[in-house]
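For the sequence shown, my numbering begins at 1 and goes up steadily by one.
Simulated from the structure, these hints should not be mistaken for laboratory data. Misleading hints may appear alongside valid ones.
30 Å max Cα-Cα, derived DSS-like pairs, lysine-lysine [as the list claims (entries may be wrong)]:
| hint | residue 1 | residue 2 |
| --- | --- | --- |
| 1 | Lys-247 | Lys-222 |
| 2 | Lys-222 | Lys-212 |
| 3 | Lys-92 | Lys-247 |
| 4 | Lys-247 | Lys-212 |
| 5 | Lys-48 | Lys-212 |
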Amino acid sequence: MESNEPCLPEQEKGAPVILIVRTQGRQTADTEVCRAAGWRPVWFSPQKIEPQAAALADLPAQYAQADAVFWVSPSAVQTGMTALSAEECRNKPNIAVGRATAQALREAGCRQVIAPADGQDSEAVLRLPFWQQPIAGRLLIVSGEGGRNLLATVLAERGWQVVRAAVYRREPQALDWAAYRAAQPLAAWVTSAELVRLLFGQAPPELAQSLKSLLYLVHHPKIAEALYQAGATQVEVVERLDEHFLKSLHGV
1 MESNEPCLPE QEKGAPVILI VRTQGRQTAD TEVCRAAGWR PVWFSPQKIE PQAAALADLP
61 AQYAQADAVF WVSPSAVQTG MTALSAEECR NKPNIAVGRA TAQALREAGC RQVIAPADGQ
121 DSEAVLRLPF WQQPIAGRLL IVSGEGGRNL LATVLAERGW QVVRAAVYRR EPQALDWAAY
181 RAAQPLAAWV TSAELVRLLF GQAPPELAQS LKSLLYLVHH PKIAEALYQA GATQVEVVER
241 LDEHFLKSLH GV
């Protein structure tokens, strides 16, 4: 478990603990929301991002040639933007899979950010009016290695020339279960089904029941289904990690 807080702030002493289970390096905004709601966030990242140097070297040329760019995750933005300047991404349509990715793009300096208002997956992106333009162009998908091909397949069928830049690879990393015991969490925020598998796959047998009994907060039904399959019994699907919602959970 990662931690850069060996000494707890006074306001976090005695606060209920929520695990932030997402890819390493993406916890900052969620941490702030949890603290504002009176929870103590504890980072618990079973996965890290490994940038791919060759793909990043090719990215500026691919970006320049694209008519639009689709970003599959905040990690794609965080990694890909290390190879691009704010000026480069300022005036091109940048399409985000969801709210967090859209926010990451805006923070990187992108002005034309398009994101679905009715979901946070490829199906929601495909419903965007943007794709209804009469002439398809060249679409760059910035992603990690692996993942779904639904959006690329459907848009290629609609006439788009699809190019993919796999700028990072996800790597599992060991979790600190002694720190888990010490934290005694009541809840967890989990951001992908893959992270669910990594989390439960590492759990020591003596902590399996504790892990199943947490209240899980997720932003997509597919993550909820992965949790139920892993044995979790309390799962709430929410649009995002929200301060007011977290305040309502005190004492769970």
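Consistency of the hints with the structure:
For the proposed pair Lys-247 and Lys-222, the alpha carbon gap of about 25 Å is at most 30 Å, so the pair holds. A C-alpha spacing of about 17 Å is found between Lys-222 and Lys-212, which places the hinted pair at or below 30 Å, so the restraint holds. Of the supplied pair hints, the one linking Lys-92 and Lys-247 is violated, its CA atoms being roughly 39 Å apart against a limit of 30 Å. For the hint linking Lys-247 to Lys-212, the alpha-carbon distance of about 22 Å falls within 30 Å, and the restraint holds.
Between the alpha carbons of Lys-48 and Lys-212 the distance comes to roughly 23 Å, so the proposed pair stays at or under 30 Å and holds.
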